[in-house]
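Enquirer: Residue-level listing of the chains:
2 protein chains.
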Amino acid sequence: MKRIVCFFITTLIFGFSMSAEEGMFPLSEIHKLDLKAMGFLVGPRDIYNPNGVSLVDGIINLGGCTASFVSGEGLILTNYHCAFGAVQAVATPENDYLRDGFYAAERSAEIPAKRYTVRLIESYRDVSREILTAIKKKMSYAQRSKAIEEKSKRMVVAFEKSNPGKRAEVAEMFRGKTYVLFVYNYIKDVRLVYAPPRSIGEYGGEEDNWMWPRHTGDFAFMRAYVAPDGSNAEFSLQNVPFRPKKYFPVAAEGVRNEDFAFILGYPGSTHRHKSSHYLAFEENIRMPFMVDLYRWIIGLKEEMSAGNRGVAIKLSSSLKGLWNTVTRSLGQLQGMKNLHLVEQRQREEISLQKFIDSDPVRRRKYGSLLADLAKVYEDKAKRSRRDLTLSNLLSNRISIIMGNAFKICEASHERVKKDTQREAAYMERNFDRTEKQMTMALRDYHEPTEKALLKEMLRRAAAFRDKQAIPAVRDICAGSEESMALDAFLQKSFAATKLNDPKIVSACLKKNNAQLRTMNDPFINLAFALYPDHREMKEDEKIKKGILDQLLAKLVDVKRELLGRDFIPDANGTLRLTRGRIRGYSPADAIRMQSFTTLGGIVEKHATHPGLASYQAPEKLLELAKARDYGRFAHPDLDDVPVAMLYDMDTTGGNSGSPVFNPRGELIGLNFDRVFEATINDFAWDESYSRSIGVDMRFILWSLAKFSGAERLLAEMGIK
Amino acid sequence: MKRIVCFFITTLIFGFSMSAEEGMFPLSEIHKLDLKAMGFLVGPRDIYNPNGVSLVDGIINLGGCTASFVSGEGLILTNYHCAFGAVQAVATPENDYLRDGFYAAERSAEIPAKRYTVRLIESYRDVSREILTAIKKKMSYAQRSKAIEEKSKRMVVAFEKSNPGKRAEVAEMFRGKTYVLFVYNYIKDVRLVYAPPRSIGEYGGEEDNWMWPRHTGDFAFMRAYVAPDGSNAEFSLQNVPFRPKKYFPVAAEGVRNEDFAFILGYPGSTHRHKSSHYLAFEENIRMPFMVDLYRWIIGLKEEMSAGNRGVAIKLSSSLKGLWNTVTRSLGQLQGMKNLHLVEQRQREEISLQKFIDSDPVRRRKYGSLLADLAKVYEDKAKRSRRDLTLSNLLSNRISIIMGNAFKICEASHERVKKDTQREAAYMERNFDRTEKQMTMALRDYHEPTEKALLKEMLRRAAAFRDKQAIPAVRDICAGSEESMALDAFLQKSFAATKLNDPKIVSACLKKNNAQLRTMNDPFINLAFALYPDHREMKEDEKIKKGILDQLLAKLVDVKRELLGRDFIPDANGTLRLTRGRIRGYSPADAIRMQSFTTLGGIVEKHATHPGLASYQAPEKLLELAKARDYGRFAHPDLDDVPVAMLYDMDTTGGNSGSPVFNPRGELIGLNFDRVFEATINDFAWDESYSRSIGVDMRFILWSLAKFSGAERLLAEMGIK
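Residue numbers (my numbering), protein chains in the order written: chain Z, 1 to 720; chain L, 1 to 720.
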């Protein structure tokens, strides 16, 4: 984990100003841009056209990732790591698709990917005015927060009622200020078509994750299916391939260094407009807490996986996720420290305060704004370690059984409320999905891991005292030595619980409070005992959210006044456009990273790291590379097949699987990662070090043609 | 220690042939070269002229390093790591010159560097014919080996007798074939003039050793003094600065990427013409043995140094040396593996054997040559681990006290022989130096470290059984549990010995066998008990050397026949010329190392590694860098002061401190290291990865001018 991130400091010391090239443009901004001057050969209407066909129609959201259609028959290209859950779900020690890869030689062999749905964007419109009417002057902060929430939910439910089969989401663009209603179409029958062996799709493993030079063939193919009448349907053999309005052709000639490129995708979230207090909270409290916890869990899961292929397959997906988060967080922590991001933001806030104080009107309006923000985070910091412990104890991403038990308990409290007043997970429109998520989670259930995880979480929760104490947990430990008491409790509870059975989980989720109590399941009982603490925590969060909504809305206003210009809202999981160039960078004095890696580089890494599992490439790939059997897929400047490429576009998590386009909107690659230095993208962006990583389309085609002989897919994409 | 050395393989896979640019040319070869075509602006006579003044007259050997004169008053420029022993010897916790650096603001403040001598080359001549007359037809291999040794010694002693004050050395150029008599002049009064703080002179420490990018200000200044009449003399206040025949001007304009440059220096040894058996022995036996042993010693010494500045200063010099060897050996082991060097040489030998077998005359002459070579190494391998253990147990570079005791014992056996038949260390001409080396070693004596070291060495030595058993060591462990027995022996022995006193060591060295035995010193007793084993080992070595001398001489002959051309002998510590260009390289797919590092890079490393001691730069340096106070020393392309530079010249250990010249023979830098990939230089050289590292002269001048205000030295070098 010894990482060198040297270059940040140049920005600091030599005072380069942040580049103006930053930008994840929302759809609503695209028509304001001079695309031609930027280098595009397509116009705004080619990118988004609510009344016709545009690029946006080929872009989908697939299980939190971005993906795109690459044939008229619903063939989808996304990252291997996005499809990984589907591969893992059907892999067994006998049919080890993780090890060997998967290729459905004919359509009937395509395997259902049960956890996956395809989300297509239909339309969007600004609903800020309507949403904000929900706020009345005399409301408390918690009331304001709830009012906005409920108003959004009501709008969504109303829309969905009058547009059956569609789903709507209200996205907050600027906190407490601007809201957009997005309308989506969902396809539920998604199938796995092609995945390379893990030794290609995940080549480099954790060693190379968030790193450059990279040689990962991080791509996979899936397919969307619909009912014969074109409507969305659950998996059925009668279903037929979905015919997308738009799919993307492949740019046969590939791409070269310094070429213009652009990306459409669903970046998750960035925090570039938040206060120094938020940044300090992340740097000093939340991220170190999560890194510490996740590192412990990784250690546990790796121990459990060692020497047991069955367990290893079960735990592999969550381990990937944990590693990914830990490495990214370490990169971000290092970046924040190196860039002195908190201090920098503090200095900006001092200037802002001066600007506010320099005018009596402004002073009246914003005078206490920054102090009020400080107050919120001061308060939050006090209870955050305890709240983080509690919420992780109750999350089924840590302990599946405890997390599910808590959801069952919470559902029984929420389902007695009016639909739009419920927590989102228990609203009618989301209830099935919540149920599916809970029962699917049980696929990865491994009791010894659960026991060890829960013991540790309870041990951590038991450590809080006084006002922060969590009585239900302390009760378990009472009267005996803590570790022994926890062991005894877990021994008894795992013997008695029925929550390892997905059918019982489904049934319980629909039971009311009284029915659940009579079940006397130890984990449901514990969930009930913890519920009041969790409720109080949630309430506090809503109050703080209400306050921040107001304060951050004001912050954006006064910053606009100060800068005399508009800026782009932080990423929020909605569709964004970013553009830039295929380009290397310098991570440190005297080192220059070049923009393409090659097949030859895989041969190098394989040969020079005989002991390192994640650098072992398939024998067949090595032979093809050594025979220089490149077909038509070589890069003319490299005389080798390009594997991965770097570009200076503005991406973040959620952009995984985004298509990378040439100026004409043809596919040249598939985005899958950022370099370590660019993990800080979430908080700050700079052309000198913010680089994202894509698989070069030529490597994808070469793999299909030479490595897998997947002629069917090449033909379907129009490649001979 | 996780090092990535990826590029070797490209050579292997894509079959690049070795570049023809390899070459450490001996003085005798220089007149054969077309210097002008190569890029030199000086001719062969400017480089070496026995009847006039040439560059060679400004080059000296300083304690195993190369150094050069940079003023008419004997001012010497060499590496910080070469002068380190002198700084360490005078540093104390109160006057911590290691931490603070040293600058003698006036000449009278220059401090004697007692362990140092300056060696200047006076002349050389080929003496192969004379040496080889010593060999008679009926001699055994051991006799041949001894005959050559004695003949060389007699020649040297005879020369020195008729040329008082000079020293001669016979250097073997091609094993068993060509011999050159070098005549040297020695200056014994050497003083420390300037050393930067260790945080400059050793910046990057072990993290960066053998690495690029590098930011080490690895330079120091010393001065040679002679008696007022110009003769060589020991230190005296009456001595005056030595006036060298030649000293080097500084190239004020510096150097740029792709500029031509050359180096004169004393590369230690390379093994490019040896057999696959030698390479396999190094790869499989000797280097792994030394790495394992040295790593253990490093662990011990670091533990002993922790928290005790006095001990840390004592052990620092040997720790540096151990680390240096370990890292280099790891690089070499990795390089040998990656390049498949043994297999490659084996393939060459198969071709050679075919060539031999293809002609009856050749077959008669060389038919069994390769099989005979195999036999020697087969035999050597069998006993090598035991012999390595024994010789390290008896070396004062491991345990000072045991090593000195052994030298005392060996001296008493050798000094009864005729001078030219003695082991070199005990010949009259070397005896004083041996004594000085032994007593100086005691400066670093630290009893707890010695005890632990000796226990481990004895424990290792006790493990050999049967024919390889070392009886004297097994006796110590007899009759009790091994660890307890060793503790008891060491406890008693360290309490009783007097060999921690340099005066007693000096006295003992002159005692005869009987006198020593009556002393009853436990370590001298042990040395006597081990002497027969050591004698037998030495005898075996001489036999093997005799065989190899013959075989390797033949090998060179038949290889010449095969290739139809001459080649350059392996480095052997004699003066060599190498030339090339200031040039970066690619250590792995998609990474390009650039040829200069900068002051800005130091600021970067410092800021981004707050916890790493070896990346902490002096506050003053950081302030100057931030203020961009570069004076006239900036590199025009970088707009920063260049710190270190890369070039593709052919160097090895012993080239440390070599001046780097521009085509006119003016100083542009100071060689101090190779990149990790080039550690393999000792066995194979290739333009694609063999890069050496120098301090840029502009950084040296900037440090003197801006960091230290050392105006006196700048003026002396003619810099205003």
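Because the hints were derived from the structure by calculation, they are not lab data. Worth double-checking, as some hints may not be accurate.
[Said to hold, decoys possible] If the Cβ cut is set under 10 Å, some of the chain Z residues that face chain L in the computed set are:
# : residue
1 : 105
2 : 564
3 : 590
4 : 592
5 : 593
6 : 596
7 : 705
Each residue gets a CB set at the ideal place from its N, CA and C atoms; glycine is no exception.
Enquirer: Look at each hint and say if it fits the structure.
Expert: We went through each hint and held it up to the structure:
A hinted interface residue such as residue 105 of chain Z counts as satisfied when its beta carbon comes closer than 10 Å to some beta carbon of chain L; here the least separation is about 32 Å, so the hint is violated. Checking residue 564 of chain Z against chain L: minimum C-beta separation of about 31 Å lies over 10 Å; hint violated. Among the interface hints, the one on residue 590 of chain Z holds; its C-beta lies about 4 Å from the nearest C-beta in chain L, closer than the 10 Å criterion. At about 4 Å, the closest approach between the beta carbon of residue 592 of chain Z and any beta carbon in chain L falls short of 10 Å, and the interface hint on this residue holds.
Taking 10 Å as the C-beta cut-off, the interface hint given for residue 593 of chain Z holds, the closest approach to chain L being about 6 Å. Because the smallest distance between the Cβ of residue 596 of chain Z and any Cβ of chain L comes to about 7 Å, under 10 Å, the interface hint for this residue holds. The criterion of a C-beta within 10 Å of any C-beta in chain L is not met by residue 705 of chain Z, whose closest approach is roughly 22 Å, and the hint is violated.
Violated hints, in rising order: 1, 2 and 7; the structure is consistent with all others.
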